[in-house]
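Enquirer: Residue-level listing of the chains:
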Amino acid sequence: MTAAIELIGITKRFPGVIANDNVNLTVQRGEIHAICGENGAGKSTLMKMLYGMQSPDEGRMLIDGEEVRLSSPSDAIERGIGMVHQHFMLADQLTVLENVILGSEPTKGMGRIDFKAARSHFAEVGESYGLTIDPDDLVETLEVGERQRVEIIKVLFRGAQILILDEPTAVLVPQEVEELFRNMRDLKENGATILFIDHKLQEVLEIADSITVLRQGKTIATVDPKDVTAGDLAELMVGSELPTPETTDSTVTDEVALFVDGVTVLDDDDRPVVDDVSLSIRRGEIVGIAGVEGNGQHELVSAIIGTMDPKAGTVSLNGDDIAHWSVRERREAGVAYVPQDRHVEGLLLNAPLWENAALGHQTEAPYSKGIWIDRPGSRGKTETIRKSYDVRTPNVDVSAHALSGGNQQKLILGREITSDPKLLIASHPTRGIDVGAQAAVWDHLRRARADGLATLLISADRDELIGLSDTIVVMFHGKLVATLDPADVTPRVLGAYMTGAVLDDKAAS
Amino acid sequence: MNDSLMKRLVLGAGAPVAAVAFAVGLSSIVLLLSGSNPFSAYGDMIENASRLETFVDILNEATPLYISAVAAAIGFRMNLFNIGVEGQYLLAAFFAAAAGGYFAGLPPVLHVSLILIVAMFVGAFWAGLAGALKVTRGINEVISTIMLNFIAVGGIIAWLIREWADDTGATNSGTTPIDESGQMPSLNGIVEIFTREISKGRELTSVLLIAIIVGVAYHLFINRTRVGFDFRASGFNPLAARAGGVPPKRMVMYAMLISGACAGLVGMAEVLTERYKYDQSFIQGLGFNGIAVALLGRNNPAGIAIGALLFGFLNQSSGILQITGSATPEIVEIMKGIIVLSAVIAYEAVSRIKERDEAKSAAEATERQAPAEPEEVLA
Numbered sequence: 001m002t003a004a005i006e007l008i009g010i011t012k013r014f015p016g017v018i019a020n021d022n023v024n025l026t027v028q029r030g031e032i033h034a035i036c037g038e039n040g041a042g043k044s045t046l047m048k049m050l051y052g053m054q055s056p057d058e059g060r061m062l063i064d065g066e067e068v069r070l071s072s073p074s075d076a077i078e079r080g081i082g083m084v085h086q087h088f089m090l091a092d093q094l095t096v097l098e099n100v101i102l103g104s105e106p107t108k109g110m111g112r113i114d115f116k117a118a119r120s121h122f123a124e125v126g127e128s129y130g131l132t133i134d135p136d137d138l139v140e141t142l143e144v145g146e147r148q149r150v151e152i153i154k155v156l157f158r159g160a161q162i163l164i165l166d167e168p169t170a171v172l173v174p175q176e177v178e179e180l181f182r183n184m185r186d187l188k189e190n191g192a193t194i195l196f197i198d199h200k201l202q203e204v205l206e207i208a209d210s211i212t213v214l215r216q217g218k219t220i221a222t223v224d225p226k227d228v229t230a231g232d233l234a235e236l237m238v239g240s241e242l243p244t245p246e247t248t249d250s251t252v253t254d255e256v257a258l259f260v261d262g263v264t265v266l267d268d269d270d271r272p273v274v275d276d277v278s279l280s281i282r283r284g285e286i287v288g289i290a291g292v293e294g295n296g297q298h299e300l301v302s303a304i305i306g307t308m309d310p311k312a313g314t315v316s317l318n319g320d321d322i323a324h325w326s327v328r329e330r331r332e333a334g335v336a337y338v339p340q341d342r343h344v345e346g347l348l349l350n351a352p353l354w355e356n357a358a359l360g361h362q363t364e365a366p367y368s369k370g371i372w373i374d375r376p377g378s379r380g381k382t383e384t385i386r387k388s389y390d391v392r393t394p395n396v397d398v399s400a401h402a403l404s405g406g407n408q409q410k411l412i413l414g415r416e417i418t419s420d421p422k423l424l425i426a427s428h429p430t431r432g433i434d435v436g437a438q439a440a441v442w443d444h445l446r447r448a449r450a451d452g453l454a455t456l457l458i459s460a461d462r463d464e465l466i467g468l469s470d471t472i473v474v475m476f477h478g479k480l481v482a483t484l485d486p487a488d489v490t491p492r493v494l495g496a497y498m499t500g501a502v503l504d505d506k507a508a509s
Numbered sequence: 510m511n512d513s514l515m516k517r518l519v520l521g522a523g524a525p526v527a528a529v530a531f532a533v534g535l536s537s538i539v540l541l542l543s544g545s546n547p548f549s550a551y552g553d554m555i556e557n558a559s560r561l562e563t564f565v566d567i568l569n570e571a572t573p574l575y576i577s578a579v580a581a582a583i584g585f586r587m588n589l590f591n592i593g594v595e596g597q598y599l600l601a602a603f604f605a606a607a608a609g610g611y612f613a614g615l616p617p618v619l620h621v622s623l624i625l626i627v628a629m630f631v632g633a634f635w636a637g638l639a640g641a642l643k644v645t646r647g648i649n650e651v652i653s654t655i656m657l658n659f660i661a662v663g664g665i666i667a668w669l670i671r672e673w674a675d676d677t678g679a680t681n682s683g684t685t686p687i688d689e690s691g692q693m694p695s696l697n698g699i700v701e702i703f704t705r706e707i708s709k710g711r712e713l714t715s716v717l718l719i720a721i722i723v724g725v726a727y728h729l730f731i732n733r734t735r736v737g738f739d740f741r742a743s744g745f746n747p748l749a750a751r752a753g754g755v756p757p758k759r760m761v762m763y764a765m766l767i768s769g770a771c772a773g774l775v776g777m778a779e780v781l782t783e784r785y786k787y788d789q790s791f792i793q794g795l796g797f798n799g800i801a802v803a804l805l806g807r808n809n810p811a812g813i814a815i816g817a818l819l820f821g822f823l824n825q826s827s828g829i830l831q832i833t834g835s836a837t838p839e840i841v842e843i844m845k846g847i848i849v850l851s852a853v854i855a856y857e858a859v860s861r862i863k864e865r866d867e868a869k870s871a872a873e874a875t876e877r878q879a880p881a882e883p884e885e886v887l888a
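From first to last, the protein sequence lines are chains A and B.
With the numbering used here, letter number 353 in the first sequence gets 353, and the count goes up by one each step, no holes.
For the numbering used here, add 509 to where a residue sits in the second sequence, where the first one is 1.
Worth flagging that the hints you see were computed from the coordinates, not collected in a lab.
The C-beta atom is built at its ideal place from N, Cα and C for all residues, glycine as well.
Among the hints, a few may not be true.
As the list claims (entries may be wrong) - Reference listing, derived: stretches of chain B covered by chain A, where coverage requires no fewer than 3 residues with Cβ under 8 Å from a Cβ of chain A: (1) 733–742; (2) 752–758; (3) 866–875.
Next up, chain B with everything else stripped away, as it sits in the complex (with noise of 0.2 Å):
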């Protein structure tokens, strides 16, 4: 029993260790390539990171990344592949702000309830029409969200902006700028209880406290809760989900609408606590990454956390690299690269030995429990 459960231990961790193990290697060997030390470069990144400024860096960078992570890994718990993340995040954020701007002078409570509604609502709207398209013309989710992105970004945000912008001669032009109301203060305070006091002007976002929700809430629903089961089931065989009474279509709806409405809150970071309108200089690409996350994550909660980590250490490295000249700066995207494919492997292999295990088991207690001749068979 002692025997089995290390046996379980060891394939837990093995992926994962296994994983980084590899990478590491691989990095090193692009780096040596590259002419630098790997060990100087390696050094720089964690010494970096261990910098209380980098640390909020790295959670601020992880707390959008983490929302969008799990706005995918939503949809790929029912083998539904949102590519739409991106454009409906965007769109979302938009919205949320310039209404946000528009609506000043709400109790704070209220201003930012409103704002948030608001981005899962229209996240939710975006997503959704993916997911009606898909089940009443059963037009593949990929190809509808690569479209709707295209839509959200260039066509609706390019034109509203202008319509809606606040000064129409500014280069950067963008929504209105939300009222203090509206606003959500930094976690600095809190953080600083346990720790120095945060210089150069970081400020640690308090939609960290929303991702922690998100994240808990993903796990209650699709472990914990019958919904949940059947969107497990569907996409485990969605045949046999049917047969078990699960509504196929209204399953890839639900799905596409609670994956939308997680990834309208993936730019409010931004439109909260950082830049407080949306403008031509929004962060893009969140989308894009989060599915690499959730990839890396397994499409497991704490799993995506741990990969939106990584993703924003590695990022706050790629300045530090730059700064010190012990790497060029483009081999973080490498490091990504790298680190998502061996994870995939390092799964992939793990869930193997992990299946033939399993079949062993089984078949030993098949033996075990036959009535005839036990002793016999088991020398």
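Next comes chain A alone, as it looks inside the complex (with noise of 0.2 Å):
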């Protein structure tokens, strides 16, 4: 049998850079192929190859036996080939068909579109790949993992048989990416062939067939899943021992930093998102607080920081009640701030390195003199955070977008922690960045606490929790259901935890 896909030698330069080193790739028709590696490694642009956006400069492309030369999309759309990209591009305002057939209408005489053959290929598409979403539905009503389902249908009436997923999970919620991975199990098992980018290793590890591990534009292999462990592909990713997140001995003191006391905070149907959340970090302590993304993580991050105003309860940082204080003197007051995601609240994305590592320190020295912004000391500042935090840039005077995550990331840690403060809320600090990074907040998020930082850590990522935390609490639908402490609890327990798996169980006995 042919493979689906084959790439032989492919080699792309970028001046001064070798993105692709003679990868060579082999992709079986009707398999979950994962491509793994750290940011920078290479896998985007072999996918952009792939789907026609860029050309190799050296190599051989085969798409079912037959040598191909895509020069743009078009050309892979024609051969079978549809990407998903990771951030959609979907018109909010459009319905679910409209979104589908949006660039490939079917007409019907003097250009008026036949919506009724539209609806039932979408139909036919729906229904050969089990996937079902009501057409009728507009796209800004959705969640993201219908969004992402609209994507992909989206491909598949195009008639495409290879779909390239870039970094499907990395916006999805946990039971979004299971509800995806059960899509992409019939989508293979109807003839399609999957593709996929992550780096999340137990993910891959779950759903692919084959894992091909790429490491600064190299193949350095590909293996079956079931041969490996998360550590053996960690370890491929980085080329050496791979780093865990975990804390060494305690540092908690007894003061106590931040006292939230019975916060309440409703959304604006009024029905409360954070309900009645009392908790104490003190200096030197990480409080990790598990769950699910949607269960009042962020309304209680935002009524601490000061974005959101609660409804009831007292905030008190260091004896002061700063519950009613504005952002900018919570901030001076030593409330440091790493956002769940850096392009929403961390990044003025079009503006420089400096001017980023000034925002929300923009009244502070060195970042400013009197009613003046210090430029040479916000430069010379930025330049210390660059080395200290290994934030890989050319100069500080390029704009944040330029960057990737894992050094946008590093830059917002940095800005945080060098700002002298008395806590630190770090929203998911190492989401969507490669393992490599990832380590390297794991050991500033450490460093900090060895220096008596008070921390309050909000992830989904067990692991992660488990070994840095020092006290680990659940919060499931606005409330806190569960003080954990992290050295006797397992993933397994605490993701039961998380779902609320264990309170039913309580609640059932």
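Build the complex from these two chains, which are given one at a time in their own frames, with help from the hints.
Expert: What follows is the structure, encoded as structure tokens:
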């Protein structure tokens, strides 16, 4: 049987960089093939070449045994290759069906859109691949996972047999990931070939039939998930022993830095999204909040940093009630914040790095003097952060969007920890960054803890929570439902708490 | 290193040069289609502009346009579309002229200051209304400022100009003319030190100096002050700015107030150095033209200056084209439109090239600084 995709000796150079260096890859028809690698390992470049967005400098590309030269995405689509990008490209105001046909509308005379034909083809596609979604729903009403399904249907609608999924799980919550995996298996069963990029190793092991690891532009190995562990994979990716998020001795003091008492936050419909939450964090302590995203963690964090007003309760920092202070007052008082989504609350993507370093601290030295921004001071400080937090960038004047996710995160972490905070709120600090940067982030959190910083860690990564936290609290439907000692909880048990399974058991018994 | 400096310079100059070249090319086609000879039309325009008197005209025209564009740009930097500069400057000019005419016999410096302060205050107040509506009621500033334009011009001014008219019988009724103590001198004396005498009764407005101060203040404020940083941060990413301690509502109010105060100065060239009153033929449309100039100048103080001068030059050219007959004067309006559009496109193209370049150099840095096997990566 000929392979669906065969890449032989693919090389792609950019000025000064070899993005792909003699890459060989064989993807069998009807398999789910994962591409793993750190950021900058060349995964995206490889996928872009397969989708015709870039062309290789050297090497041969065979699709179904036939040598091809793809010079645009439409060439790729013609060959039955479709790509689902990490960031969705959907029109919110249109229905699912309209989005799916957008750009390849079936027409009947005079350029009118043949919605009837579109609808029946849509139904066919959905049926043959086991994907269900209402074609008449407005896209803006859909959940993230459903939007992704629309993107996948869009690609299938155009006749794709080979799907490229670029980090499909990065934007999903755990339940949605399961749903996606179910869909992927259905797709496979119905004859589709799936190539997907991911760096969450557990997921890769769970879903892939075959895994290819890229490192620094080269194919390191293609392995069978049955033969490897997550540790093996990570080692292949980084090329060295994998760091773990383990903290050492306890550095917890008995000075309470943050004390949250009975905080309740209401949503737009006056329902409590944070319901009577109390917790305290001492200096030198990391308190981890475990929970599936959307259980009120973000709202709790917002109430602590001041972007949301709590309906009831007090928030005190070193004894001062800060519940009604402005965000700026709180930040000046020493509340540091690593937001859950870098691009939403963390960075000014079009501004230079040194301005990004100043963000949140622009009223303090060395970023400003009196009413003026201290440009040399800001640049110098950013330079320091760049060095000590290993932010890889040509200089501090490039825009933040030029940096990879891991480097952006290191910049944010550096800016927050070096501001001499009293409390650090770290929301999903290692989400969407590669293994190397992940280890660096854990390292910095641990060091800050040893220096006596009180840290609130919000995460959905169970290993991270167990490895870093001194105390874990579980948040479920806006409430703190359990307090656990990371020393005697396993990821499995923690997962059960996070999904509410343990609570149901308790209620039943 | 030298290479990258060269590249930056080429990219920096590339956008405006490409925009102008494209605009000239397209305008030439339009001229040819309308049956004119582009070379003789351009020749006439340049020859006209090289005369000292025309140059004074261009500066006089560019001065209020510049202030108007800065007023719009202040809002744009925060993603606020203050479409109301038009109403703000007219209302401000009206009240300032009325106050200037009413308080006769003040000492000169005080008299002029009073007029300027009233103008800035009224402009800020009128823009502040739109700001307050946005902050308290969430009303989009585009809608509210357009509505406020109508209320200012068609309502308040139309009503009060009759009430307060100096001579109600006159066909062109207006506010009481301002005494000499409230008039600003022309800059002819200073210019003539360097050149010949300016003839044909042309007078260079001293509000030009105010425009320069506005430009410098705008630059310092937006690029060098903390509040300016808060402004830009809100414009770049309001959520990140808020998490960084920038109060979003207060920023909207500040932006509208400052933009409005600046808009208040737009009509001052007319009030203080030209007409000395507000009457029914007071110059209109500067607010809307200012938006185009701000767009052309990319909200950058120096860029706006070039844009304002270019618009001034084109406006002056329409007269000469009519006189020499080498082209229809309306061609000038078409050229303005073409220039703004090509500038927008050229800047977008250049910023994409820059973005790609930066991403590439950042990726290189990642590779270069990567600890393992660097010699294999960089063959």
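Enquirer: For every hint, state whether the structure bears it out.
Expert: Right, here's what the structure says about each hint:
Interface restraint, the region 733–742 of chain B with chain A: holds (9 residues with C-beta to C-beta distance below 8 Å; minimum three). Counting residues of the region 752–758 of chain B whose C-beta lies closer than 8 Å to any C-beta of chain A gives 5; at least three are required, and the coverage claim holds. Using a Cβ-Cβ cut-off of 8 Å, 9 residues of the region 866–875 of chain B lie near chain A, which meets the minimum of three, so the contact claim holds.
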